[in-house]
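S.K.: Listed below are the residues making up each chain.
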Amino acid sequence: MKEEIQFILDVSERIFAKNIDHKTRLDPEKNHDTLIKEIRESHLTKIAVKEKLGGAGMNLVEIIPLIKLSAFFGVPIPFVETIICNYFFSVFDTKPTDDFISICYEENGVIIKDNRVSGLLKSIPYLNFTNKVMAKVRYNDDDYLIFFENKNSYLKQIHNFLAEPRYDLEVKNENILFKEKFPKEMNFLNILANLKSIQATGAMEKILQLCIDYCSNRKQFGRSLSKFQMIQNHISEISLEIAASGASISVLESSNNIETNRDENFSNDIKTAIAKIRTGMASGKVIALSHQVHGAMGFTKEYDLSYFTKNLNSWRNDFGTEIQWQNSLGNYFLKQNKNLWEFLNH
Amino acid sequence: MSQFNFPFEEETKDLKDLRLRVRNFIKKTFKEDKITPSPDAWVFSTNPSFSKKLGDQGWLGMSFPKKYGGHQKSMLERYIVTEELLVSGAPVAAHWIADRQSGSQIIRYGTEDQKKNIIPKITSGECFFAIGMSEPDSGSDLASVKTFAKKTTNGWKLNGRKIWSTGAHLAHYMIVLARTTKQVDNNRHSGLSQFLVDLSLPGIEINGIEDMTGQKHFNETVFDDVVLDKDSLLGSEGKGWEQVVGELALERSGPERFLSHFVLLDNFLNEFKSKMSEFSTLSLGKIIAELQSLRIMSFSIASMIEKKHSPEIQAAFVKEAGNNFEKKLIEIIREMSNLIPIQTWSPSLKSLFEDATLKIPSNSLRGGTSEIMRGIIAKKLGLR
Chain A
1 MKEEIQFILD VSERIFAKNI DHKTRLDPEK NHDTLIKEIR ESHLTKIAVK EKLGGAGMNL
61 VEIIPLIKLS AFFGVPIPFV ETIICNYFFS VFDTKPTDDF ISICYEENGV IIKDNRVSGL
121 LKSIPYLNFT NKVMAKVRYN DDDYLIFFEN KNSYLKQIHN FLAEPRYDLE VKNENILFKE
181 KFPKEMNFLN ILANLKSIQA TGAMEKILQL CIDYCSNRKQ FGRSLSKFQM IQNHISEISL
241 EIAASGASIS VLESSNNIET NRDENFSNDI KTAIAKIRTG MASGKVIALS HQVHGAMGFT
301 KEYDLSYFTK NLNSWRNDFG TEIQWQNSLG NYFLKQNKNL WEFLNH
Chain B
1 MSQFNFPFEE ETKDLKDLRL RVRNFIKKTF KEDKITPSPD AWVFSTNPSF SKKLGDQGWL
61 GMSFPKKYGG HQKSMLERYI VTEELLVSGA PVAAHWIADR QSGSQIIRYG TEDQKKNIIP
121 KITSGECFFA IGMSEPDSGS DLASVKTFAK KTTNGWKLNG RKIWSTGAHL AHYMIVLART
181 TKQVDNNRHS GLSQFLVDLS LPGIEINGIE DMTGQKHFNE TVFDDVVLDK DSLLGSEGKG
241 WEQVVGELAL ERSGPERFLS HFVLLDNFLN EFKSKMSEFS TLSLGKIIAE LQSLRIMSFS
301 IASMIEKKHS PEIQAAFVKE AGNNFEKKLI EIIREMSNLI PIQTWSPSLK SLFEDATLKI
361 PSNSLRGGTS EIMRGIIAKK LGLR
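In order, the protein sequences belong to chains A and B.
In terms of my numbering, the first sequence has 101 at position 101, counting the first letter as 1, and numbering is strictly consecutive.
In terms of my numbering, the second sequence has 84 at position 84, counting the first letter as 1, and numbering is strictly consecutive.
Please keep in mind that the hints were generated in silico from the structure rather than gathered at the bench.
Where hints are given, some of them may not hold.
Stretch by stretch, here's where chain A covers chain B in the computed footprint (C-beta under 8 Å, at least three residues) [what the hints assert, rightly or not]:
| no. | segment |
| --- | --- |
| 1 | 5–11 |
| 2 | 265–276 |
| 3 | 286–296 |
| 4 | 310–322 |
Backbone N, C-alpha and C fix where the C-beta goes; we use that ideal spot for every residue, glycine too.
With these hints in hand, go ahead and build the complete structure from the sequences.
M.R.: This is the structure in structure tokens:
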């Protein structure tokens, strides 16, 4: 499988490098045609779909490097979201779609009747890009995973506090194209939170590269910025945070139980908390230090750092801030009758 | 970007079983020998009898070849034993340096005689080492050492001074980094060699230096015309710098860089677990996440070393991040105490806390300062 993921990474990198630049990221609606075409032709969004359904048959642990790579390039379309939706289709032995899909976690008052859905779905990204939505909803004391196409619903553009577009969708009697009870052994929130931790690590690696490039080229006081010890210190600290983040997401690769196989569905609370907390802590530091390295240039919209800064800030908040996860993790420990070392080594 | 990858190493059932065996041994021995845990025990807490018992268990020189009295276990097994010793605050300072780095240097660079004579004594917990790198005028700038070994008909004559040599007063040997040819301006790293010096030889004077806590754990070691035989050279003449860089990776990447004060945290939680405020719970969550990430990094480096890689930048990451974590830990424990005055803590917890608070400034100095670590990282990133 190692060779296979390396091949997929090579293909993906070629597609991303060729089709994505800062202009594409800032104006994805006008510039994404070739990117979409090439992603579709390469079937990258079906990487975590069973082979018998036309996918590459990988599990969520195995695709971590691809998720990270997509964040490194700042892929400006719902690429990761579609991979995960297709993964869920595959879990239920349902053939995945070729379209791009967005995903929704927050909902309010959803009603399912005669295979139709109504209610409020909140804070969905990319609805300017696709009208296909997968959502986990609670109805009649059960959790369902549903998929539908937005045809008649009221779409209201809101923004997250970082001025990134998100959409509230007042769903009106839309036809459900797929509906299954959500598996009890899986945790939707954890899966989405893990994706954000992995993406944040990829974005931080990109920011490091921007810092190194910028301070190597820019001269002040007659010498390259990279020769200033304080700048070197800032960049060393950034890289240290990335290293720790990388380690924290590698915890997702560990077994839930020594007797069983890997946690391939990303549903362990403690591991999710560790990754979300550590990458969240790192995000704050990396943003502050990288802007210090870049000076005023980094604060402009036209420079790449702005895009990755917004991504990091968003992902740090999505699906639980590190503070919320700190609370969860602290309480997991306090509620168990174990000393800390026993808890850390379960 | 591979330097940021810390490939995940699963802790197998065998490793978990080993962990429990070590834990039970420590518990039993602490009780029988009336040992009390202390923070920073790998630097400050010496107990040769405990070291001997670890040797009897086969937990020293674990990765060394069997033909030299080692146990040919993996670096991952050694890592597990090391963690358990650190979190229990066990008195491991006597053998720590020999087991962690000196033995490995001898295995890697030593002659057959050096290996046969010394390694079995290290694995039995009866031979202790000190590090001979820093000098009064060469602290962080290691390449500028002035201690000189002059070639003679029968061997070498050593003159110079080494400083901050932890445990030299108890050690049997010191691996000394010395110049064997004069420094050439354009290559500061050439002309250095490593020597295996028997500290009982005439001409060696070891003077304890009292530290801020009032203890004399580190020393100044003076070499005055010390006669060394030919076999004292460790490795190749003139290759001392390359050899010492590998030694430093072993020194910097281990769990002692972030578990030195775990015993304080553990005792604190045992006493305060039921009194945690919401704010303290948040801090606790942060500590757990940070600590587990560090453990993954360090365990992964043990695996890299096992696979004969040279994780120099990764070791610097662990050293720097680990030191930062421990300094922060002391501050967070202050905050988590939830306004309960220190004077009212149990005497043992209060003592641990005061001890740790005094010792913590040395964390980011020993084994390479923070500034050196950041310099190494910057260099590896191409900024220097």
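S.K.: So, against the hints stated earlier in the document, which numbers end up violated here?
M.R.: none
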